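What follows is the residue order along each chain.
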Amino acid sequence: MAVRPAPPAPQNRRMTAIQITNVQKSYKALKALGGVSLNIEEGEFFGLLGPNGAGKTTLISTIAGLIRPDVGSIKIHGHDVVTDFRNARKNLGVVPQELVFDPFFTVRETLRLQSGYFGLKNNDKWIDEVMHNLDLTNKADVNMRALSGGMKRRVLVAQALVHKPPVIVLDEPTAGVDVELRQTLWKFIARLNREGHTVVLTTHYLEEAQAMCQRVAMLKLGQVVALDSMAQLIRRISGSQLIVHLSHGDLPDDLRHLVVPEDHASTNGSGKKYHLRVTEYGEVEQILARLRASGAVIDEMQLQQADLEDIFLQIMDGGSL
Amino acid sequence: MTFFSVGFQTLFYKETLRFWKVATQTVAAPILTAMLYLLIFGHVLEGHVEAYPGVSYTAFLIPGLVMMSVLQNAFANSSSSLIQSKITGNLVFILLPPLSHWEIISAYVLASVVRGLVVGAGVFLFTAWFAHMSFTAPLWIIVFALLGSAILGTMGVIAGIWAQKFDQLAAFQNFLIMPATFLAGVFYSIKSLPPFWLAVSHANPFFYMIDGFRYGFFGQSDVSPWISLAIVSAFFVVLAIIAVNLLKRGYNLRH
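The listed protein sequences correspond, in order, to chains A and B.
Residue numbers are given in the working numbering: position 108 of the first sequence equals residue 108, and the series is strictly consecutive.
Residue numbers are given in the working numbering: position 183 of the second sequence equals residue 1183, and the series is strictly consecutive.
You may find that some hints are simply not true.
[Claimed, not checked] Taking beta-carbon pairs under 7 Å as the criterion, some of the chain B residues facing chain A (in silico):
| # | residue |
| --- | --- |
| 1 | Val-1006 |
| 2 | Gly-1007 |
| 3 | Thr-1010 |
| 4 | Lys-1014 |
| 5 | Arg-1018 |
| 6 | Gly-1089 |
| 7 | Asn-1090 |
| 8 | Val-1092 |
| 9 | Leu-1095 |
| 10 | Leu-1096 |
| 11 | Pro-1097 |
| 12 | Pro-1098 |
| 13 | Leu-1099 |
| 14 | Arg-1254 |
| 15 | His-1255 |
Note that these hints are calculated values from the structure, not bench results.
None of the values given here were measured: they were computed from a predicted structure.
Note that the Cβ used here is the ideal one computed from N, Cα and C, for glycine as well.
Start from the sequences, fold in the hints, and give me the full structure.
Structure representation (structure tokens):
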């Protein structure tokens, strides 16, 4: 599949937060990563999307140093995750996908310990702020075992942020959690991103990715099959659809090539309903004018924009960018 | 030098706090077990066995039981912590930060030493009431207690890294650590053994830890404490190299 290269670098070039170069990883016959290359710039909110088994978590684990690549290299703020792992890890905070915790400790002890592992003593001011922002303050002295799943997830996020890493990687941070946590989490992460932290997100909730990410990479079978800004992706794939319900008349022949292939004209009462593909807004007026000229009467119409889910499904179904 | 880094200190503190939070299981229980050994074996064999001239059997037994407790608990500390963290997945909290393999192994081993010494001191305090104990060469006591617990702490790290399941670790403990400890002269002097088993005991590094430790109390031992020190030190160096190498390679930890 064709892989579109990363968009040209902006004029005021920022530092590359994560530089992934030809990373390959195999487990016996299974090729988990088949030569992934991409750069994530400093301050970006980047989405890593793909179906189960696409290689997202393998890639994140490789970034985090939990998995060592067979081939290729990864650098965090210029530090190789294998040969210069200490500096690479200081710059990185990872929220793992699995809901893991140490049952011996309270929330505050857990965060103090994690802070210490990163070489930070007397970090209570920031720990308190992180707990406040994740609504954990009233659970500070509660043992991890006594927390609900959602609360444990918050602590995982707090652990990743405890050393104020410039690069934050969130592997499915909202999987199976309630709306309240999602809102709390995204508010805090968005704030950190505004303050300059680079955020890399994997999620199955595509609406989250669409709302938060400036740029996304889509992985399929260990390969990057799409890499572009969110706006460009949406513009390039599928376009939008004009849904028209005609109470009288029918679609003229010269507009039939715009009908979305899988769409079949449906009858609704006395009229017919069509989904027409439009690639730019100027086409809408032309279509309406042509319909009027043919004598068709529009009873109802709706302009439906493609969303990330459409793009995702289209790409995973075999399409590419 | 990163040995006294905040990362090392924190991991050491965490490993110490971890066993201290469940001290009933990790400290009190092994002390009780050692006392039961003393009461049963001391009662049955006192007056029947004289391992060293002028030393009662109960007095002979106490340093052996103390050292056995030190060794077993030092092993249990690092190995159980690592296997639990691996199985539950929270080892990721140690693997994600910028901790070097030296910091990780030093912290785990030192916490094992602390637990071994705490349990050993407890066993001694509760068992010393049953016999007249002397301290002929206290420096040897300290040296062998430190080296023995460090060795078993390091073995615990190796076993914890190697094992993927609890039963693998249990096999390591039951088929290696336990027999090696029991057959190292805790309950008897190896001089009382037939030649074959005497030779086997001399091939057991645990014997030198216990024999050297006992020398510190009575000024008597089956072999010279200097020979024991050399063998035990060499054993520690070999194990430390293996453990550091496993951590450096990320064996069973980083895939």
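Hint numbers not upheld by this structure, sorted from lowest to highest: Of the numbered hints, all hold.
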